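J.: One-letter residues, chain by chain:
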Amino acid sequence: MAPLLEISDLHTEIRLRQGVVHAVDGVSLQVEHGETLGIVGESGCGKTMTALSIMNLLPTGGHITGGSITLAGTEISGLSDDALRNVRGNEIGMVFQDPLTSLNPTMTVGKQISEAVLLHREVSKEQAMDRAAEVLDLVGLPRVRERINEYPHQFSGGMRQRVMIAMALACEPKLLIADEPTTALDVTIQKQILELIDDLRRRLGMAVILVTHDLGVIAGRADRVAVMYAGKIAETTDTGTLFANPRHPYTEALFHALPDKAAATRQRLYSIPGLPPDLTHPPTGCRFAARCRYATDRCREEEPTLRGETVQHEFACFYPVGAAERAGAAVAASEPVTYASALPPDTSGETLLRVQKLVKDFPVTKGVVLQRRVGWVSAVADVSFEIRRGETFGLVGESGCGKTTIGRLVVGLDTPTAGAINFEGKDLAKVSGRQYRRDRRKIQFMFQDSYSSLDPRMRAGTILREPLAVQGMGSKAEQQKRISEMLDHVGLPQTAVDRYPHEFSGGQRQRLGFARALMLSPDLIVADEPVSALDVSIQAQVLNLMRDLQRELGLTYLFISHDLAVVRYLSTRIGVMYLGKLVEVGPADEVYLTPAHPYTRGLIDSAPTPDPHAERAKVDAGVRGELPSAIHPPSGCRFRTRCPLAQEICAEVEPPLRPFSVNSHQAACHFPLQTPIEVEIAATATAQSQEA
Amino acid sequence: MTIMGPGAESQLSQFGVLTEAPPAEGEGGVLTATKPRSALRRGWEVFAENRLALVGVGVVVFMVLFCFVGPLIYRTNQINTNLQLATCRPGGAHLLGCDEVGYDQLGRLMVGGQTSLEVGIAAALVAVLFGTLYGAVSGFAGGFIDSFLMRIVDAGLSIPYIMVVIILSVIFHPSPIIMIFLIAAFYWLGVARLVRGETLTLRTREYVQAVKVIGGRDIRAVVRHVVPNAIGTIVVQATFAVADSILILAGLGFLGVGVQPPATDWGSMLSNGLTYMQGGNYWWLIYPPGILIIVTCIAINFIGDALRDAFETRLQRR
Amino acid sequence: MIGYLIRRILQMLIVLFFVTVFTLFLVHLFPGGPIRALLGPRATVEQVAYFNKLYGFDQPFYVQYGKWVWQLLHGNLGYSPKLNQTVTGLIAQDLPKTIVLVGLGTLVSLVFGIPLGMYQAVKRYTVSDYVLTGISFLGYATPTFFFALLLVEWFAVDSHIFPPFAPQGSSVGQVLSQPRALVLPVIAYAFLLYALWSRYMRSSVMDNLVQDYVRTARAKGASERRVLWGHIFRNSLTAIVTLLGLSLPTLVAGAIFIEVVFNYPGMGLAFYNAALNVDYQTLLGFTVLATLATIVGNLLADVSYAVLDPRVRYT
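Protein chains in written order, with the numbering used here: chain A, 60 to 751; chain B, -17 to 300; chain C, 4 to 318.
No incorrect hints appear here.
Below, simulated EDC-like cross-link-like pairs (lysine to aspartate or glutamate); rule was C-alpha separation at most 16 Å, straight line:
1. K489/A <-> D473/A
2. K416/A <-> E713/A
3. K233/A <-> E91/A
4. K194/B <-> D498/A
5. K320/A <-> D273/A
6. K194/B <-> D473/A
If you are wondering where the hints come from, they were derived from the structure by calculation, not from laboratory data.
Nothing here was measured: the structure is a model prediction, and the numbers come from that model.
If we strip away everything but chain A, and leave its shape as in the complex, we get (with noise of 0.2 Å):
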């Protein structure tokens, strides 16, 4: 049976002031009926533009210049506004990044998919609106009725994602495109859009096309793969056989790099070195050769086609993966350098941080001269842990769940409603005026997001001074030494000084926050998403120097991140928070192999892991609900909405945290998956005294 769609050679570009962007530059794939194609790749790589070419929504400035998108059978990449118009929303449905901003804010949710409906069907409003209501029920929406005259910003991130999937799909498209549809959502509702548009696709007939840079999705929802880099395709075949035995260095470098991989033996991640080519002036030859571990003259001279042994598994590679005649170094793909946190942790090491009752609430208010408080986010609810001296605590979590809250407490930002932290030893909140600002050298912060974090006017070495001069520390020269230091150990360029953030990548402003983390020598790191906005190649290089300068400098870190992966690979310990709560906590590969709370189980299991047998084995776990109302949260186990365990009780009483082994592995749940120990030491004492 003819494939769906296909597209053959296609080349489009973007005309910007500067230059033209050739941002895909000869690209052929096939969907055939039913089936989720995934296109895969990091940013800037042009998968994204190649989804928008097939319905020619480019932005301003971007044209096809060349090649053929046929649908079914007919052409459509030349056809003009209105003739393409019969295909958009009507043959071809497509879903967008970013609900929130997709959707029209001052329409209601219902008129908007009607009108969907009604550019296509000679309908009345009335049937259309009941068409809404049928779609938007089918998308799992709850209480269709009182919701679909509803605006969006009613609506939850994930309920207004599957707004967005209703309306692609009003009119039973053949083929679906969903460009990351899940990228802005947090893990578990994630899974619940990924499942529901896989249900969608079998129960309609569609075929799917799934962009996205998340390996793990593609691997749980993609029945085919094609990777893309540089605006065009590296290798293209079906799931299962690209995990198993990919053949592009690109692919495999890839998997190198995952932190998923490397998580059990804790090795170093394979950084691949350098960045994506310009675009604007694309290099002859193959475009990953610059980066390549085994590119000869002959990769960066002549372009390799996309070829294979067999249809099915094709790559763009004259040296692929198992062939004979590879140049270079066999794969490093790690050292066998055991870190720290490879070994169980040290319980008799000196604490370094500890938490006692953290609260903090935020008020809410309205009003806009007398502001009145309406209410109470309950944003850190009761937290304590410790940290000790030399380890990596990694604070996991949903949005909403407090784990920035605690960061910024932790370090400074914000004072806590109730609670205590002490570092070494001395109550944080108890000092103050000069002490403690000078306290404040001890724990520094890094920055999710490096470009707001780093003033736009400042160049990099006055960045990097800046705590040196409020700290009075150091003459002038002593300072100049430091910051070159400082820049050595975090592999930026001596030349860095002299420049503005924004003309670094997104890697090396970070690296850059990560330099004036270090100036005042701090002893702990606090680390918000460091990682979560940098794509996996550059990901790695972050990881792999956050740990090397941990061992060199004895660095303590609090890792906060909302990634399940990067955090099991780089901490000690793991705790696990949801809605203010701490409800896990212990040794990393304890929590994430033994979980003992729901939720944590729940979160691992709702995780994309790039391994596509345990993806397709995952299929009924994972969490379901929404994430209930900070301001009012549940009683007793917050938790208990969304919990398959839930009883009576949970309800009424709040579960305290509880040992589950000798290494400090506490969950607190009234009905946990593994046996608390107390229940163990009970059980053996029983049977002792039973033997006996």
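Go by the hints and put chains B and C onto chain A.
T.: Same frame as chain A, but now just chains B and C:
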């Protein structure tokens, strides 16, 4: 086939399109050897690209020269009236004719221009300086102080300024100096509100918060981080303020409550011209001052728009 | 929503307080006091003292203020000796005529400004965009009175198409019965406002055209026209409505200048004459009224914004 306009690069970044190749980076990073371009320089580049802005600057320079250097070249008697020459036609010794009391019109335009420009620029400066200070303090202090200070601004903005300025002009029979303060006295309110808004926004920026983390005090955050980043908006405001002040002064002059003779400004000259509209064609009394006002204000608007673009592009680059 | 309204009204009252204090203070700035200003330099000291006592100007400020506010609340805005009429009467006579001028002028400016601004955004960077932008710039930079003068010069004095003066008469009916005389004043009034609206619409529509939700609309199959009128128009309009509410000071200023140039018998001209005659009661009364109108305008702007933008309405 449309070419993207300024500020559009930020839209592209959403699609992950690298719009400018960042410096190449190794495991460590070797930055390409381009000269570091400061924010000021990049802003200047965008500004200079805008041809209208360059025209604007040229016009403004010309006006300044015309008004201040002109009288040195084209000498006329602007002190003694000469009723015999009243409303004489252009030509001969008087290139643009004479006004209703016998002053040489061209020379009068220069003198009037001096007043218009001086008052315009000075009023704008005073208003912007005071307004910035007020707005910044209010924005920083936050809470009750902010509310209170802004209430005053709201109250001030509720009074139709033209009415109050007319009343005050009637009371004080202003000289140019008084006019400066009169105009500034109302213009600062708008500036204060804008600067306060800007301050509030900047306060939440992470790089301002970062100062606290390294142990710095609030005052440092204000002086070293907020003010330099707010300057863009303030400069743009100041530019438009000059044009607005010239127009306000002209309006007051027209109503007869502006500067009083022998001082004059372009607006007053227009007012005098009005009386000669009905009987006969006295175009040199009407068009020249009006056109000078229009041209100057348009030029300033060009500059202001270009400045705004220049600052915005800088901020939007990612 | 009700709570919001109540809070805004409370704010209004606070602002009104500041304003009335300030206005009364203004009066005292007249050299020699308001009575001296009214009676002129030739009045004797006894006469001045007499009237001071009569009008209560010898009392402490807060007493004067209290009395004055009391008067205001009873609708007594004072009396104009020069015109031999109560200020309230003066307002009743002249305000309707000014409203006709302002209303028509604003309407014309909106009718042209909004569609042309949208057109400019759609045809951005083309010749027509530049031409229209040029016209807008002229609108900003041309003093209202000068533009009015030019119109009179070209269309009235030279070519006699329209009469050089505005319709005369003491009632709205008389004014409206001379429509040809209204044309020039209305156009002159509308020019600056037109520039404001069209410039705003242009930039607002341009901003909206690159928003994500517009891309979604296109992805649904909506035509450019539908995108523009069904989606963008509504979103841009919200801010124009708010702008309207906030532009009262500009509306008032325009009214004064146009009425003076065209000799239009409205409040603007009356205010101007009162200033020249130092008729302080009229000046004060008019100022308070205009301020009240501005405050109410701000309130309406806020309320309309809350009504039109569902994000504000439902949070």
